[in-house]
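Asker: Residues per chain, in single letters:
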Amino acid sequence: MGVWSDILFAILLSAIILGLYRLIKGPTNADRMVALDILTTSTVVLIAFLAWYFGRIIYLDIALVYAALSFIAVIVLGRYLEGGV
Amino acid sequence: MNDKKEITWGIIVTVLIVYFAASPFLPAPYNLFSKDVVGWTFMSIGVFFVFLGSFGLVRMPDLYCRMQTATKVTTLGALSMLLGVSVLDSSGVFVLKAILIGIFLLLTAPISASVLIRAAHDKGVKLTDKTKFDRYEESKVGEQS
Numbered sequence: 001m002g003v004w005s006d007i008l009f010a011i012l013l014s015a016i017i018l019g020l021y022r023l024i025k026g027p028t029n030a031d032r033m034v035a036l037d038i039l040t041t042s043t044v045v046l047i048a049f050l051a052w053y054f055g056r057i058i059y060l061d062i063a064l065v066y067a068a069l070s071f072i073a074v075i076v077l078g079r080y081l082e083g084g085v
Numbered sequence: 001m002n003d004k005k006e007i008t009w010g011i012i013v014t015v016l017i018v019y020f021a022a023s024p025f026l027p028a029p030y031n032l033f034s035k036d037v038v039g040w041t042f043m044s045i046g047v048f049f050v051f052l053g054s055f056g057l058v059r060m061p062d063l064y065c066r067m068q069t070a071t072k073v074t075t076l077g078a079l080s081m082l083l084g085v086s087v088l089d090s091s092g093v094f095v096l097k098a099i100l101i102g103i104f105l106l107l108t109a110p111i112s113a114s115v116l117i118r119a120a121h122d123k124g125v126k127l128t129d130k131t132k133f134d135r136y137e138e139s140k141v142g143e144q145s
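Chains as they are written, first to last, in my numbering: chain Z, 1 to 85; chain V, 1 to 145.
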């Protein structure tokens, strides 16, 4: 609690901003997909942090569903990139 | 000169070892094994590694190096973060759900990374100039001939 949790929150947000930079700029589509993968994992971490910060266990369900959906999204995009849809 | 340095380091290491051994019997803020210290340490390590993963995503020269940071460093950071959060908030349901998320991430991150990287390599994304060898390309050539 206090200042240190704010600092951790700011570092997490800056990590997400760095991922967004690669998501926008990435030279190829595969780079954008890697950035999407890393962004979803960072967001799961962020949701877990918020669940602890606000004391709400129900947020962790959202994190679990988000992780599952991001996994399926990355698999589907990989198959699409491979050309074997 | 050298003796003086060795004596200083010896004193520092001795103090640290004595503090580490005595810390379970100390009151709360100085107790290294209390719930707060362990939880905050794991959370800080996790946030640090998640940041390092995103930083490597920006700095690395190549798609494949970027994928390495994405799949290894960020998974380690996420697991450490979930561990720290569940140590700090030690209600049973919270720990159970955090363990569930951790197992899910640990199982799915390598699979998605493998699918992505194989698709990109088959599609012909360029490797960086510093690459020494490419075993996947060699194995594909071997299969065809």
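Hints were generated in silico from the structure; no laboratory data involved.
Incorrect hints may have been included.
As the list claims (entries may be wrong) - Cβ-to-Cβ under 8 angstroms is the rule here; a few derived chain V residues that face chain Z: (1) Val13; (2) Val47; (3) Gly77; (4) Val85; (5) Ala98; (6) Thr131.
Stated by the list, open to error - Heads up, simulated EDC-like pairs for lysine to aspartate or glutamate below, C-alpha to C-alpha not over 16 angstroms straight-line: (7) V/Lys126 - Z/Asp61; (8) V/Lys132 - V/Asp62; (9) Z/Lys25 - V/Asp62; (10) V/Lys123 - Z/Glu82.
Glycine included, C-beta positions come from ideal geometry on N, C-alpha and C.
Asker: All hints, please: hold or fail.
Answerer: Evaluation of the provided hints:
1. Val13: violated (27 angstroms)
2. Val47: holds (5 angstroms)
3. Gly77: holds (7 angstroms)
4. Val85: With a closest approach of 4 angstroms, the V/Val85 hint holds.
5. Ala98: holds (6 angstroms)
6. Thr131: violated (16 angstroms)
7. V/Lys126 - Z/Asp61: violated (39 angstroms)
8. V/Lys132 - V/Asp62: Roughly 13 angstroms separates the two Cα atoms, so the pair holds.
9. Z/Lys25 - V/Asp62: Distance of about 14 angstroms is within 16 angstroms: holds.
10. V/Lys123 - Z/Glu82: Given pair V/Lys123, Z/Glu82 holds - Cα atoms ~7 angstroms apart, limit 16 angstroms.
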